[in-house]
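Student: Okay, here's what each chain looks like letter by letter:
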Amino acid sequence: MKGRLGGLLFLAAAATLPLWLRDPYFVAILTSTGIFIIAAISLNLLLGFTGQLNLGQAAFFGIGAYTSALLSLGFDVDIGLPSPVVVDPKPAWIAFLGAVIVSGLFGWLIGKLAFRVRGAYFVIVTISFAEVMRLVALNWVDLTEGPMALNNIPPLSVWWPGAGVTALVTKAQQYWLVLAVGVLCYFLVARMVRSRIGRALIALRENEPLARSVGVRVTHYLVVATVVSAAIAGAAGALYAHCVRIVDPDVFLFIYTVTMVIMVVAGGKGTLAGPVVGGLIFGLMPQALRGTAPPEVQWVIYGVGIILIVFFLPRGIVPGFADLARLGLPRARSRTARVAP
Amino acid sequence: MNEINRDAAADVALDVRDLAVHIGGLVALGGISFKVPFGAIVSLIGPNGAGKTTAFNVITGFMKATEGQVFFRGRDLARLTPQLIAALGLVRTFQRTSLFTACTVYENVLTALHLRGRTGLFGSLLRLPAMRREEAGLHTEAQGILDFIGLAGRAGELAGNLAYGEQRLLGLAIALGAKPTLLLLDEPAAGLNPSETEGFKQLIRRIRERGTTVLLVEHDMQMVMSISDEVLVLNQGRLIAAGSPAEVQRDPEVIRAYLGTKRAAA
Chain G
1 MKGRLGGLLF LAAAATLPLW LRDPYFVAIL TSTGIFIIAA ISLNLLLGFT
51 GQLNLGQAAF FGIGAYTSAL LSLGFDVDIG LPSPVVVDPK PAWIAFLGAV
101 IVSGLFGWLI GKLAFRVRGA YFVIVTISFA EVMRLVALNW VDLTEGPMAL
151 NNIPPLSVWW PGAGVTALVT KAQQYWLVLA VGVLCYFLVA RMVRSRIGRA
201 LIALRENEPL ARSVGVRVTH YLVVATVVSA AIAGAAGALY AHCVRIVDPD
251 VFLFIYTVTM VIMVVAGGKG TLAGPVVGGL IFGLMPQALR GTAPPEVQWV
301 IYGVGIILIV FFLPRGIVPG FADLARLGLP RARSRTARVA P
Chain D
1 MNEINRDAAA DVALDVRDLA VHIGGLVALG GISFKVPFGA IVSLIGPNGA
51 GKTTAFNVIT GFMKATEGQV FFRGRDLARL TPQLIAALGL VRTFQRTSLF
101 TACTVYENVL TALHLRGRTG LFGSLLRLPA MRREEAGLHT EAQGILDFIG
151 LAGRAGELAG NLAYGEQRLL GLAIALGAKP TLLLLDEPAA GLNPSETEGF
201 KQLIRRIRER GTTVLLVEHD MQMVMSISDE VLVLNQGRLI AAGSPAEVQR
251 DPEVIRAYLG TKRAAA
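In order, the protein sequence lines correspond to chains G and D.
Residue numbering for the first sequence follows the numbering used here, beginning at 1 and increasing consecutively.
Residue numbering for the second sequence follows the numbering used here, beginning at 1 and increasing consecutively.
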């Protein structure tokens, strides 16, 4: 109950933030942090709940960004067919959905291929996948403009009662858009992990032979989790494309995946709130330090922060503080009451 | 293949034929054959390294047989994965305690009920009424299993925090969650004190009364001899004796395998 109240307060504060914080620069930073939090939520589904470390999560993010950008800009590309493939510009929302679907399809493909191997091999396959995608984006200039980047990506627009169709161009509008998509993704993942599917995923993380012995189909559930994870990462990428409105091959960079991993691990992998907390801290910290410390010192502080969290809260901030709260309230430990359906 | 087994399938739960497992140059199982009738408690005993756990691993699909076949209710299990074999109703426990340690006792059992539900991705994302009903049913069932096993009072505890004996019980509860027709228990009493062993024995009897056939690997001879309908004795990958507990206890080869030959004993 207490957690739910805290969540509602957080949500209320987040939803009204642009009204009381009239600093467009800070709202913009929160927007890009929000996009990263969505990506971290997607990574957490794999890393936190199935225990599979996907170090190519930026690939799904980038695929989402490029798909949405290309569909909304339109493109023509010669792929050896008698006539070049021509796609007319689509409305941004169609492009957004297309990005989610295409990313999900790539998730399915990677899941099918990569889960034949597990552990270190899976990590290598996913890193390679992201790097291959970056090279494709860099070199397939006909389609992606390569290092020249895709520019002038149209913004998403919504229909609003009284205002008609509005393009989301101001910082506050984009912030609300990201917040809405983020909340949706959060609850999708929450529902998924609190269901029969989620229990199967956690069972695979905890004890794969035992999970198999009670009939959990390993590959099936890992692929399902990868598809959902990729689709959410794709949605984050598409948001990025329509908010920043320029996409270049750097979206596939390894450092973005590493940032997501840090957010998830610091916040608490395998918890729903973990990526949000970790994302807020590691999304805002560089900005907070920007004015006060020279760049070298910033990086040192950043690194020390990560080390401190890993050292003192090895399971992450959210489980760490949950433990503290539980120690303070011993009665909260007996959770037998929860058994009622 | 199915024709041969149709008549036999009526009263035979498990039919193992000439099962052999070679691991490198080692013969872990050298061609054993036995049958487990429906409703029976059959024990597989033998000295360490006799091949008991190997037999379990092959029967439940965790290892591949080099030769021979395993039929469960007349169906050939060759090339089936553990999860499919479990779905057919053949479920095992593990020799070393195997739990979902970071989850609560209740969540362990709920997870083990995986095969009892069918909610897919969209069902769980949309929280359809069918899914809610199914969840409610699973919760009732999980509570029922915990009551049956006697762990209901520990439902909210993390599985990793349970005492050893309780962990063994939870391992059994997890196996029961998959609704086995045939339950394979790998040394359930290992490391238990006498009163816990006695409790486990009663539990196995009650499981059989509920209609589940039991194949047991166990070292506790007192337990084996008192609850088994039939005892199979393995030694060095071969079946050296089979029969009622009384028959097996008199078998000279069994005595030799367990106590050594006269010369070795002297």
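Among the hints, erroneous ones may be present.
Said to hold, decoys possible - Some residues of chain D that are not near chain G, with every Cβ distance over 10 Å (derived):
1) ALA20
2) PRO37
3) ASP76
4) ARG205
5) ILE255
To be verified - Facing chain D, from chain G, some residues (calculated, C-beta under 7 Å):
6) LEU188
7) ALA190
8) SER195
9) ILE197
10) GLU206
11) VAL216
12) THR219
13) VAL224
14) GLY303
15) GLY305
If you're looking for bench data, these hints aren't it; they were derived computationally from the structure.
Heads up, the beta-carbon is just placed ideally off N, CA and C, and yes, glycines get one too.
Student: Determine for every hint whether it applies to the structure shown.
Tutor: To see whether the hints hold, each was checked on the structure:
The claim that ALA20/D is not at the interface with chain G holds, since no C-beta of that chain comes within 10 Å of its own (minimum 23 Å). Remark: the non-interface label on PRO37/D is consistent with the geometry, its nearest Cβ contact in chain G lying 23 Å away (cut-off 10 Å). Interface exclusion of ASP76/D from chain G stands, the closest Cβ pair being 19 Å apart, more than 10 Å. At roughly 23 Å from the closest C-beta of chain G, the C-beta of ARG205/D stays outside 10 Å, upholding its exclusion from the interface.
The claim that ILE255/D is not at the interface with chain G holds, since no C-beta of that chain comes within 10 Å of its own (minimum 35 Å). Nearest Cβ of chain D to the Cβ of LEU188/G: about 6 Å, under the 7 Å cut. The hint holds. The beta carbon of ALA190/G is not positioned within 7 Å of any beta carbon in chain D (closest approach about 10 Å), and the interface hint is therefore violated. Because the closest C-beta pair between SER195/G and chain D is about 3 Å apart, less than 7 Å, the hint holds.
A hinted interface residue such as ILE197/G counts as satisfied when its beta carbon comes closer than 7 Å to some beta carbon of chain D; here the least separation is about 5 Å, so the hint holds. The beta carbon of GLU206/G comes within 4 Å of a beta carbon in chain D, closer than 7 Å, and the hint placing it at the interface holds. Among the interface hints, the one on VAL216/G holds; its C-beta lies about 5 Å from the nearest C-beta in chain D, closer than the 7 Å criterion. Checking THR219/G against chain D: minimum C-beta separation of about 9 Å lies over 7 Å; hint violated.
Hint status for VAL224/G: holds, given a least beta-carbon distance of 6 Å to chain D, under 7 Å. Hint status for GLY303/G relative to chain D: violated, with the closest Cβ pair at about 29 Å, above 7 Å. For GLY305/G, the interface hint is violated, the least distance from its beta-carbon to any beta-carbon of chain D being 26 Å, above 7 Å.
Consistency note: the structure conflicts with the earlier hints numbered 7, 12, 14, 15.
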